[in-house]
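For the sequence shown, my numbering begins at 15 and goes up steadily by one.
It should be emphasised that the hints constitute simulated quantities derived from the structure, not laboratory data.
None of these values were measured; they are calculated from a predicted model.
Errors might be hidden in some of the hints.
[As the list claims (entries may be wrong)] Have a look at the derived ranges for each label pair, beta carbon to beta carbon:
{"#": "1", "residue 1": "N194", "residue 2": "N57", "range": "43 to 49 angstroms"}
{"#": "2", "residue 1": "E193", "residue 2": "G81", "range": "41 to 47 angstroms"}
{"#": "3", "residue 1": "N29", "residue 2": "Y239", "range": "16 to 22 angstroms"}
{"#": "4", "residue 1": "I41", "residue 2": "L172", "range": "25 to 31 angstroms"}
{"#": "5", "residue 1": "K251", "residue 2": "K34", "range": "18 to 24 angstroms"}
{"#": "6", "residue 1": "K104", "residue 2": "K251", "range": "32 to 38 angstroms"}
{"#": "7", "residue 1": "Q80", "residue 2": "Q112", "range": "20 to 26 angstroms"}
{"#": "8", "residue 1": "K91", "residue 2": "I41", "range": "23 to 29 angstroms"}
{"#": "9", "residue 1": "K107", "residue 2": "S216", "range": "32 to 38 angstroms"}
{"#": "10", "residue 1": "N176", "residue 2": "Y239", "range": "19 to 25 angstroms"}
{"#": "11", "residue 1": "N29", "residue 2": "T147", "range": "29 to 35 angstroms"}
Each residue gets a CB set at the ideal place from its N, CA and C atoms; glycine is no exception.
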Amino acid sequence: MSFDNNWESNIYAKNLHINKYPYGELISIFFNSLKFLNTNSINRQNTKVLELGCGAGNNLWFFAEQGFDTYGIDGSKSACIIAREVCNSKNLKVTIQQAYFDKLPFENESIDIIVDRESTYCGKLEDIKKWWTEVNRVLKKGGIVISFKFSDDNPDLLEIKNGALKAKIIEANTYESIENGTFCNTGIAHFSTYYELFDIFSFCDIKFINKNSSTTIYSTCNNQYNYSEWIIVGVKK
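Whenever a hint applies, use it, and build me the whole structure from the sequences.
The structure is reproduced here in C-alpha cells:
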C-alpha cells in the first residue's frame, strides 16, 4: 500500500489541512497546459481529469465546475468523505475513490490529464518511481501530467540538514518524524532534486519545469509560509 496512515489519523480525521479553495498556481498552470493536448479543440465533458491525493476536494470542485469529467483519489477515507460532501454541496458530479498510487482504479490509457499537487512526495524515491509507472499505465498517449514536487532546497529540508529541525533520515533527501513545521505528523517526506525529475518522468516529453517558492519576509503573527517546489508539465510519449 502506498499510503502513509498519518494522513488519515493525524490530519484528515482531525479536520486538519481542509483547504476550501483551489490552489491558484495549479489552476494557472493547468489552463496554460491544455494547449499540449493532442487535439484541435477540447471537449471538456469528454476530457477526464484525475487528481492524485485529492484531499478535501478543493481542486476537484473547480475542475468539475469548469466542465471537465473529474476524478479524484486519496488514501484517506476521511478526506474522501469530506471531498464528496464539498462536491455534492455544489451539485457537481465528481467521482472520488479511496485508492492508492500503486494500484490506480482505472483502465489502461483512460485518463487525459493527471494532476499531482504535492501528493507523491510522501515516500522513498523507489516507491515514488513505481507510483509514476502506475500513472503512466492509466494516462492516455499524448495525455498531460502536471506535478508539483517539493525541491531539495526547501527551507524545511535545509533546517533539517543544518540541525535546526529534528527528523529521522530514511535515505538521501528523505525524512520522517519531522518535529514541527509543514511536514510534522505527515510521515515520510522526500525532497526531489532537479535531475531526479527526468528519471521519475522519463515516460513523458517534459514541456517545462518551473521553480516556485515563497518566503515570508514580514509577519505580525505566527503564520509563515516558506516553501520551494518544482512544477513539472509533461506529455506522455
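### Query
Against the structure shown, which of the earlier numbered hints fail to hold, in ascending order?
5
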